[in-house]
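Chains as they are written, first to last, in numbering that gives the first Met the number 0: chain A, 0 to 308; chain B, 0 to 308; chain C, 0 to 308; chain D, 0 to 308.
Just to be clear, a hint being listed does not mean it is correct.
[As the list claims (entries may be wrong)] Some chain B residues judged to face chain C by a derived CB distance under 7 Å, without partners named:
id: 1; residue: V6
id: 2; residue: I9
id: 3; residue: I138
id: 4; residue: L140
id: 5; residue: P141
id: 6; residue: G202
id: 7; residue: D203
id: 8; residue: G204
id: 9; residue: C211
id: 10; residue: G222
id: 11; residue: A253
id: 12; residue: M290
Everything labelled a hint here was simulated from the structure, so no lab data went into it.
Glycine is no exception: its CB is placed at the ideal position from the N, C-alpha and C atoms.
Single-letter residue listing:
Protein chains: 4
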Amino acid sequence: MGDEGRVREIRTDTYSYVFGTYGEPVATVRPGEIVDIYTEDAFESRVQDVDDLPSQVLTMPFLNPQTGPIVVEGARKGDTLAVEILEIEPTRDFVVSAHIPNFGGLTGTSATALLTPSLPEQVYKYPLRDGHVELPRGIRLPYRPFVGTIATAPELEAIGALTPGPFGGNMDVPDTCPGNIVRLPVNVDGAWFFTGDAHASQGDGELCGVACEMTARVRVRFGVESGATIAWPRIESPTEIMTVGSARPMEDAARIAWVELIRWMQADYGFEELEAYQLLTHAGRMRVGNMVDPQYSLVAKIDKSLLGS
Amino acid sequence: MGDEGRVREIRTDTYSYVFGTYGEPVATVRPGEIVDIYTEDAFESRVQDVDDLPSQVLTMPFLNPQTGPIVVEGARKGDTLAVEILEIEPTRDFVVSAHIPNFGGLTGTSATALLTPSLPEQVYKYPLRDGHVELPRGIRLPYRPFVGTIATAPELEAIGALTPGPFGGNMDVPDTCPGNIVRLPVNVDGAWFFTGDAHASQGDGELCGVACEMTARVRVRFGVESGATIAWPRIESPTEIMTVGSARPMEDAARIAWVELIRWMQADYGFEELEAYQLLTHAGRMRVGNMVDPQYSLVAKIDKSLLGS
Amino acid sequence: MGDEGRVREIRTDTYSYVFGTYGEPVATVRPGEIVDIYTEDAFESRVQDVDDLPSQVLTMPFLNPQTGPIVVEGARKGDTLAVEILEIEPTRDFVVSAHIPNFGGLTGTSATALLTPSLPEQVYKYPLRDGHVELPRGIRLPYRPFVGTIATAPELEAIGALTPGPFGGNMDVPDTCPGNIVRLPVNVDGAWFFTGDAHASQGDGELCGVACEMTARVRVRFGVESGATIAWPRIESPTEIMTVGSARPMEDAARIAWVELIRWMQADYGFEELEAYQLLTHAGRMRVGNMVDPQYSLVAKIDKSLLGS
Amino acid sequence: MGDEGRVREIRTDTYSYVFGTYGEPVATVRPGEIVDIYTEDAFESRVQDVDDLPSQVLTMPFLNPQTGPIVVEGARKGDTLAVEILEIEPTRDFVVSAHIPNFGGLTGTSATALLTPSLPEQVYKYPLRDGHVELPRGIRLPYRPFVGTIATAPELEAIGALTPGPFGGNMDVPDTCPGNIVRLPVNVDGAWFFTGDAHASQGDGELCGVACEMTARVRVRFGVESGATIAWPRIESPTEIMTVGSARPMEDAARIAWVELIRWMQADYGFEELEAYQLLTHAGRMRVGNMVDPQYSLVAKIDKSLLGS
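Use the sequences and the hints to build the structure in full.
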């Protein structure tokens, strides 16, 4: 990374609130190219202080602004886009979080519609310094950044930026982090890539629907892989292979992720279907990414060291 | 309806496979206007015989072709579009149905992803005559037509034509039938209306994912209602008020429909919230519209005669 | 029914709060015998007035008292118990209903655990006369009685009386009403039958979790059918065959009911599996019985007139 | 552990297939007492080789045999039973696993009833030696034992030994392992404790429904804690506090676990409710224990080091 002067920066003033092909590309990149993508936070920086209530400063459906679309040269429908996440650095020294009325995992929502009163709205602002988010009570959360949202465009649809799906999207899984490669289906020529919603830290499930939200510089390297088509996002770390399923109810998200992981084990590691199923019952790992977005996202994982030799 | 010469016809050769505002309108109508909309079947007439297997003749994601967008003059964001369904007539003398691999209520699907083998693919073609669909064994299903799909456009999204949502869409609820008024939220100026997927008959749940599919002429009268914004589709028959919720799991679809019905009873019939909740526990009715689409659609109903005086 | 002097009465002072074989039978009946079973209401008559708050007068887990176990002579494990419901008459002139904190379809519950405040607790008492339940606003609900709870014992388990399952139980489906035959699996010799929780009227879903609760005299005729084992409750009316599935999420309850209905159509009406599936997609009906109990209960139905000849 | 001669052994020949109070206790223990409990495997040792197909050698509902009930002296209804797991040692040198028809996470099941064919039945037998389970391909799984099933009795119910719930039961969460304290609600005097179903290793979700099943010696120390009543199982490791929720759909299991964890943080660590909710959105961890049993079990966790000072 020493040669930062040669890394192209991608910035925009006009964010995208959907994943689709109906807007204007903000940049075009080549396979192999490393770029620094500057991303807004999920609130488009409208929540700067504890008095900036989301219910007042945000306007539906203009939520979770994405930097994109970014066209990737040479990516053809049916290919796989491989996005290597190299760095995620905050571009400010604080994060914000919030309890938003009728949003989150332990309240009625627009999907789980109830008559019960909503919880109090509340905004939190935490310093981000020395590699930690500093909460009250002396609680320090290690800085473990990732992009909550990373997507290609669906072929025909334009899907709201709060939603995850087969195309990636607002998965809110902490595994889309530096050091990992995120593979996404290419549904249209050029892939039409989006990212945003960087989190400095997040618990499993993103329980109240909001993490440690920050603006960021996200350094990635783009790659295009031809020949094999994937159905759902795949993530590779130095030690694990992982797949992400997004659906409701949560067991369907889990099932999608497991089946996609079995398909990967069959295609690249020589497993029979039942054999992979059997190994996962003993050694599969699963992360609850989000249980708050329009679809829940779960990650199925297996350690590469268990994939045999 | 004697004066059919004065009813404008809306036909198209270029169908829409999403609900959104990114395509070209096929027509513009005025409030109060009656039009005959010609609709394709869900297979775009590519399944004409039992040898036309959907897995071979259909191309994802170009499914469930919609006639639209139709712009409604004077409809403003925040208004309600009231579509009075006057007639639905078949434009051919048969219907088709099918069991499609990994699609339907009693099989693994792309959402409920499993390792089990799929059921056999099979196509059915039934005569439609004398007010009946004629099945084998001498079974005659009364002709009870409705449009499976009826929608306005979301504000920013373009949603695939197989999906129902707050904007209506592919709800597959038999209550969107002649004699009823379907109210939909207007999310953008002009409403951008779509319809298609007429069914000659359908059971609750549309169990295998395919009903008695037909091409049709759909006569509707458009109205625009200002002043009150609705959150989810509302349907009114001569005897009932109804709301449609679309979500997964199915209980969330039910909850949405009930809450919207309570909001309607509060707004237009003078009920307190708890009072409406109490009446519905005793006298509410619920229909399972579909349990096969990307979101399930359930209809909550209450008889007008029980809404007091 | 003219010879009422010869109908045996079954009453008890010691109710059962579980379905199982660990208590003492309150009666033994013979196949073909008609009996009048006296049942308590779901609150064991502790809610007599609007000041009798359930949260104060009820004691968990002593809820939904059942009259039973009633041993049916000659019923063997693997048989089917056929209970013909002949009459349900109230034994008092009012019903009660209630909104109970953290219970019901539109609130957080012990299963859908949330942080949101509960809705207000409120009790309702309605006159029952002249074939109607009389609500405020001049709303009159027709008297359409059924037993909310009707069960055989599981083989080993003792299941709380609020819960429905393969053994029947607290299904809260209005189809267990006079004129219909309810068939239940016999899991142990003697069947060990229970019933209670009569409702004077109920909407689909029993939305707030409480219907028009009453004490009742329930006249039934018991029958034992050997030779075929059923997996889930089956109900037969003069015009329909029906099955009840109980599970969460709601789509699983629906799937169970549909599959059991297909099994019935195969066994007794000569259908092939796919043929039955195909007919149900066009003509199946579905009722949401309850969406409030520990398992949701849905009823799948098909009109006998559509089962061919 | 050097003084093993003084540890009492609890063995039985008559296992319990339900959690309840209707059977005969196999032992009575005192608070503070350390005992060695010998447990059967989930198949009651009937699957010893790859030809022993579960569908042939098992008899419903006599599944998952439990050692118990064990009465704990001095435990009163409303107390909490604290079970410190000290050791789990295999009592044979192999484990078994299996794919069982219509059972598991990626197939239709009795609850998710479908028409699709079942997957092939297959039994696996793996050596257990040198601290590893040895799978084909040279895959070695570290020996990480835990008891899949650990329960107190419900007050009135007798619940099948395959089912988890508020009382613990067949949770299949790897956190009920040596080094941890499992706290369970005491619902009846004496607590009536059960355990069994030891696993040598298990992946998250226990994907196919069967882990590395083994017979075992389980050394525990019993404790009784008065004064505070817990609603769901709580687990404490040297570094984390954890709660287990069991329900369907999976999001309800998650909600239960999170709410119980918040209650714990409020009661013992001085958090306000919203404050705990906020911390968990940033730092909570969640494990998918099982996604195959009658209720799914999820574990919510927070690191003790983040609970402030």
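Hints versus structure:
For B:V6, the shortest C-beta to C-beta distance to chain C is roughly 30 Å, which exceeds 7 Å, and the interface hint is violated. Interface restraint check: B:I9 against chain C, minimum CB-CB distance 29 Å, threshold 7 Å, status violated. With a cut of 7 Å, the hint placing B:I138 at the interface with chain C holds, because the nearest CB-to-CB distance is about 5 Å. Nearest Cβ of chain C to the Cβ of B:L140: about 6 Å, under the 7 Å cut. The hint holds.
Checking B:P141 against chain C by beta carbon gives a least distance of about 9 Å; that is not within 7 Å, so the hint is violated. Interface restraint check: B:G202 against chain C, minimum CB-CB distance 4 Å, threshold 7 Å, status holds. About 4 Å separates the beta-carbon of B:D203 from the nearest beta-carbon of chain C, less than 7 Å, and the hint is met. Nearest Cβ of chain C to the Cβ of B:G204: about 6 Å, under the 7 Å cut. The hint holds.
For B:C211, the interface hint holds, the least distance from its beta-carbon to any beta-carbon of chain C being 6 Å, beneath 7 Å. For B:G222, the shortest C-beta to C-beta distance to chain C is roughly 29 Å, which exceeds 7 Å, and the interface hint is violated. Because the smallest distance between the Cβ of B:A253 and any Cβ of chain C comes to about 6 Å, under 7 Å, the interface hint for this residue holds. The beta carbon of B:M290 comes within 6 Å of a beta carbon in chain C, closer than 7 Å, and the hint placing it at the interface holds.
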